[in-house]
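J.: Chain order of the listed sequences is P and R.
Taking the working numbering, the leading residue of the first sequence gets 1, the next gets one more, and so forth.
Taking the working numbering, the leading residue of the second sequence gets 1, the next gets one more, and so forth.
Don't take each hint at face value.
To be verified - DEER-style ranges, computed between Cβ atoms:
1. P:Gln140 / R:Ile198: 50 to 60 Å
2. R:Ala135 / P:Gly157: 45 to 55 Å
3. R:Ser168 / P:Ala27: 45 to 55 Å
4. P:His182 / R:Asn64: 52 to 62 Å
5. P:Leu175 / R:Leu134: 45 to 55 Å
6. P:Asp42 / R:Ile198: 34 to 44 Å
7. R:Val307 / P:Val84: 28 to 38 Å
8. R:Ser261 / P:Gly29: 32 to 42 Å
9. P:Arg187 / R:Val322: 32 to 42 Å
10. P:Gly157 / R:Gly106: 54 to 64 Å
11. P:Leu37 / R:Leu134: 50 to 60 Å
12. P:Trp141 / R:Gly106: 20 to 30 Å
13. R:Leu187 / P:Lys315: 28 to 38 Å
To be verified - Stretch-level coverage of chain P by chain R, calculated; a stretch enters the list once three of its residues show a Cβ under 8 Å from a Cβ in chain R:
14. 116–126
15. 251–265
16. 301–309
Simulated from the structure, these hints should not be mistaken for lab results.
If you're wondering where the values come from, they're calculated on a predicted model, not measured in any experiment.
No residue lacks a Cβ here, since even glycine has one placed at the ideal position from N, Cα and C.
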Amino acid sequence: MKKLLKRKETTLVLLILLLVFAVSLRAPGFVAPSSLLNIIVDTSILIIVSLGQFGVILIGGIDLSIGSTMALVGMAAAMLNQFVPSIPVWFFAPFSLLAGALLGGLGGILVAFGKLPPLIASLGMMSAYRGLVFILSKGQWVTANEMTEGFRKIPEGLTLGLPHMVWAALIVALLAHLFMRHTRSGRDVYAIGGNPTAARFAGVNQSKVEINVFLISGALAGLAGLLYVSRYGIAQNETASGFEMQTVAAAVLGGVNIAGGSGTVLGVILGSLFLGVVNNALPVLRLSPFLQMAIQGFIILTAVVANTLVDRRNKRVFAAGRAR
Amino acid sequence: MSDLGTGFVDSSRLTRMSGPRRLADFLLRWESMLFFIFIAVFVGNSLLSPYFLDPFNLFDATFNFMEKAVMAMPMMFVILLGDIDISVASIISLSSLFMGMASAGGADTPTIIAIGLAVGLLAGIFNGLLITRLAIPSIAVTLGSSSLFRGIANAVLGDQAYTKYPASFAFVGQGYLGDSIVPFEILIFLATALFAGIVLNRTVYGRHVYAVGNNKTAARFSGVPVDRVRLIAFAVNGLAAGAAAIMLTSRIGSTRPNIASGYETDVITIVVLGGVAITGGKGNIAGVIISIFLLGYLKFGMGVLNVPGKVMNIITGVLLVVAILLPKFTDGLRARLRAGKAKSRARGEEKV
Chain P
1 MKKLLKRKET TLVLLILLLV FAVSLRAPGF VAPSSLLNII VDTSILIIVS
51 LGQFGVILIG GIDLSIGSTM ALVGMAAAML NQFVPSIPVW FFAPFSLLAG
101 ALLGGLGGIL VAFGKLPPLI ASLGMMSAYR GLVFILSKGQ WVTANEMTEG
151 FRKIPEGLTL GLPHMVWAAL IVALLAHLFM RHTRSGRDVY AIGGNPTAAR
201 FAGVNQSKVE INVFLISGAL AGLAGLLYVS RYGIAQNETA SGFEMQTVAA
251 AVLGGVNIAG GSGTVLGVIL GSLFLGVVNN ALPVLRLSPF LQMAIQGFII
301 LTAVVANTLV DRRNKRVFAA GRAR
Chain R
1 MSDLGTGFVD SSRLTRMSGP RRLADFLLRW ESMLFFIFIA VFVGNSLLSP
51 YFLDPFNLFD ATFNFMEKAV MAMPMMFVIL LGDIDISVAS IISLSSLFMG
101 MASAGGADTP TIIAIGLAVG LLAGIFNGLL ITRLAIPSIA VTLGSSSLFR
151 GIANAVLGDQ AYTKYPASFA FVGQGYLGDS IVPFEILIFL ATALFAGIVL
201 NRTVYGRHVY AVGNNKTAAR FSGVPVDRVR LIAFAVNGLA AGAAAIMLTS
251 RIGSTRPNIA SGYETDVITI VVLGGVAITG GKGNIAGVII SIFLLGYLKF
301 GMGVLNVPGK VMNIITGVLL VVAILLPKFT DGLRARLRAG KAKSRARGEE
351 KV
């Protein structure tokens, strides 16, 4: 029990509950089941991409190309739907995953074989992919009435009472958890992040891990791009611009060490939910949506500082324990 | 990255330095290559458009990149230290916000300029203190502060803008030297570059920057005040962003929350294309200065040819990646030729 209380995830759950409770004092409708479900639906996209960012941060990197990848894949899917309406809707799921994986994989290759720092590789891709959206669309938008009804309904459709959007997030979360905890490739990601030199000497293939995390981050960003475009009914040049910042915020808020090596899937999901509650609470509290970015920056900085202080204390406890 | 890991990188760098002539050759080659590309851009642009090679146009084009040029100087120090600052564009928005508020409150030009510089400096110190006192990676801090600074500008301005500035304020970003065709902004850049060059090459602080960038641990054990050196670099970087905010705000005559968005990518690209190693410790000011004009005139030339800004972004992004890949490629090429096919065969097996 004591151990459970000490975990960052527990603190975060309590924080989320506290936040929801505080908001409901001002606006009782906030805790209605339909409102809560809406928050979860709204946060599903963030959960999906944050889990991709999670892998890259685990190896001590950062993926800044996520927003651009979402826009490029979202635009490609929307245009494909617009010009070839006969393509069945199910096709877009593998299409967006694959297209995203290709875009992310390129970053992985630059990092693994070009030895580029992930920050620089993804910064370059961020500019390049955003420009490609413009070239692909010639600056035109694809709006909801140019999409087929099936395409627009991708995220909304219900299976067993839950919207497909939530199912997508649940499945991704489950797979991410299994991958990170129970597969060798997943453990290798932690190993490289914890100590790359030691991991290499232990026989972990660093290049493979680097390519893996970028492939996954790209694939999930691709899927999220599809969901984003079909949910909001518009694909344009600035789609999901700056979304990568939210994913970093969600990850560090979830207790992921920004220097790599530690963090959990559950933490990232809770971090995303926290941000989702904050974003949904702003309009309910009649606060300006323009506050969102400042709050996000404040949350990132606070979370990074808090994580650093907690980790430092834990390290001291660990060192003391070892010295016995 | 662990200290052990960087230690390995440094030992390889040391062996390479045992042949100092080859290193000097290489640096010379990088800058001369940049210079040749610069000439090629010039010749190419002049051939493609009759409007490019006109003294007035060439001077006027500098308006578009002098702010970034001023920012590139301290960013060079930050990257030489092995750090990064991606909050500079957001510092501009914050600094511009406060200048706009002051101007709306009836402040005169010197006060507005002082406020712009002060806000930039404070923002830089804020970054530097978090990075050095709490030992948090600079990328994490500046990523967060980047959202925070621009977020504040967003929160205050929303969809509004400050557009009222005193008439004399316009000189900083729009004025010319006397009756000449030389923009005043060039003078600001030249002063910044001269100062940066002297500090980097002729002062103890400059030597400390290279020492820290090459090996933080060794520098600390050699008595270099590592954290103070880094704090100063981030503070000055903020100050320069404040100066750039004054130039930009004065030039476009307004403050919007999205002012200078994306500038951080451009500034980092300038520095890295100028031959400064993103891992720190290697690079010099000559390369960065050539790189400023190379990128500036490349964009100007494309603008004359009606290339859309979004397409230019692709070129900036690709250049950033190529600038880092290319030296590694040319460096590794000789070694790979020597190692022969054995290595490539081994790599092929690895993939399976």
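J.: Which of the listed hints are broken here?
T.: Of the numbered hints, 5, 6, 11, 12 and 13 do not hold.
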